[in-house]
Structures are given as structure tokens and as C-alpha cells.
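Asker: Residues per chain are reported as follows:
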Amino acid sequence: DGGITQSPKYLFRKEGQNVTLSCEQNLNHDAMYWYRQDPGQGLRLIYYSQIVNDFQKGDIAEGYSVSREKKESFPLTVTSAQKNPTAFYLCASSATLTYEQYFGPGTRLTVT
Amino acid sequence: DAKTTQPPSMDCAEGRAANLPCNHSTISGNEYVYWYRQIHSQGPQYIIHGLKNNETNEMASLIITEDRKSSTLILPHATLRDTAVYYCIVKGANTNAGKSTFGDGTTLTVKP
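If you read the sequences in order, they're chains A and B. Counting from 380, one number per residue, gives the positions in the first sequence under our numbering. Counting from 2, one number per residue, gives the positions in the second sequence under our numbering.
None of these hints come from the bench; they were simulated from the model. As the structure is a prediction and not an experimental result, all values here were calculated from the model. Take the hints with a grain of salt, since some may be wrong.
To be verified - Here are the computed lysine-lysine pairs in the DSS-like style, where the Cα-Cα straight-line distance is at most 27 Å:
(1) B:53 x A:436
(2) B:100 x A:449
(3) A:436 x B:4
(4) B:53 x A:450
(5) A:388 x B:100
(6) A:462 x B:100
(7) B:100 x B:4
Unchecked claim - Selected chain A positions facing chain B (Cβ under 10 Å, derived; list incomplete):
(8) 391
(9) 428
(10) 478
(11) 480
(12) 482
To be verified - What follows is a list of derived Cβ distance ranges for each label pair:
(13) A:430 x B:58: 40 to 48 Å
(14) B:73 x A:491: 28 to 36 Å
(15) A:387 x B:40: 18 to 26 Å
(16) B:105 x A:489: 38 to 46 Å
(17) A:420 x B:80: 37 to 45 Å
(18) A:440 x B:15: 37 to 45 Å
(19) B:15 x A:387: 19 to 27 Å
(20) B:81 x A:441: 14 to 22 Å
(21) B:8 x A:423: 15 to 23 Å
(22) A:420 x B:11: 14 to 22 Å
(23) A:420 x B:67: 29 to 37 Å
For every residue, glycine included, the Cβ atom is placed at its ideal position computed from N, Cα and C.
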């Protein structure tokens, strides 16, 4: 059953801690993305990766880091430098950057 | 990538056609129009895309004006399960192909 998995669905952390969100896909897609969504708003691009070992900053990359060591995996680390980390985080993939994106179910991060 | 403008909300009666407009007046020749929808607290779902010809699939139809400056997504027989936020984005095969912008979208409410 092909798709994108994000885990966990809900994540709670204390302020000042780094936290890593998982994203895995078995669609054999080259491109992967991370978005942030705040209540009542659209999606904002954090990072995207066109291919393994390559990634680019999106519109709101400050306070976040990513790695793309394997085609299937694109983990996102929310660092303590991110001022307002509480949000809904969505991972997506596409065959290439120009193809339609398929999204995971999201991780809701709460930092207190 | 070109920016898009969508009405913030629309209502539709169950069983009737839902017509969701999108303006993309700065679209360039190699940019496609994509539509996604997001049901509450889930990841967005790809619906349809097109370049300049009208497109139809099992979910919806996409009508693109001749000058390509606007488009309309048509859900021919809306059901209550079509209640969602609908996003229109433009995406091209250029160096910024990864930076698709998802605005706030249109919240479609299908009423019984």
C-alpha cells in the first residue's frame, strides 16, 4: 500500500527542546516537501528536496533543519530557535518538482 | 511561481454543481494550474491540474480561460463530503518549481 507516513500524529515538547518529525514515502518519488500550517491559514513551505542529498529553503526555513540521506525519508527538525513551533506540520512528495504532490496525514506539534 | 486569488468562502447545496473560481493573472506560459483540497485536520489531496485545455477526471472538471488568467474548478454534484478548503496553485517547470504557494484557499461548505 503506497503512500506517505508521518509519525507521530500528535507530539508534545517542552520549550527549548529540539524535536524531529518523521516523514517516509514508498512512492519512489524524487521530490519531498515540508509545510507548516497554522489555524485557519494556508500552507507555508519550510524546505523542499529535489533529490537525495539536496534540499532548498522555502519561505519560512528559519528555526528548522532537514536532511535527505535516503530517497524515502525527509525528516524535519524543529529547533529551539524556532520562536513559535506549535503548528500542524505536513510532509508531501512528488515524482519530480513539477508533478502533483501527495501529502501525509500531518503531525500536530505542541510546544509548551 | 505566479500567485493566485480565491474567494475565502462559498456555499453550495448538496447535489448541485460547485463552481470554485481562481484568478492567476500573472501566470506564465509554462505554468500549470493545480487544485487540491483539504478536509479538516487532514493532509491536502490532489484533485486535478491543467495547462490550457479543459480537463476532467473522476473527481472534478477544470475550466481554464483562453488567456489562462483564471480558472474554475467544477464539482458536478457536490456532496456533504466535499466540504473542505480548496487550494488553487500554479506550478511551473523552472528553477522555482519547488516553491508552490498555497494561499488560504476557498472554504466550500456543502449544505443539505
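Asker: What hint numbers does the structure not satisfy?
Answerer: The structure breaks hints 1, 4, 8, 13, 14, 16, 17, 19, 20; every other hint is satisfied.
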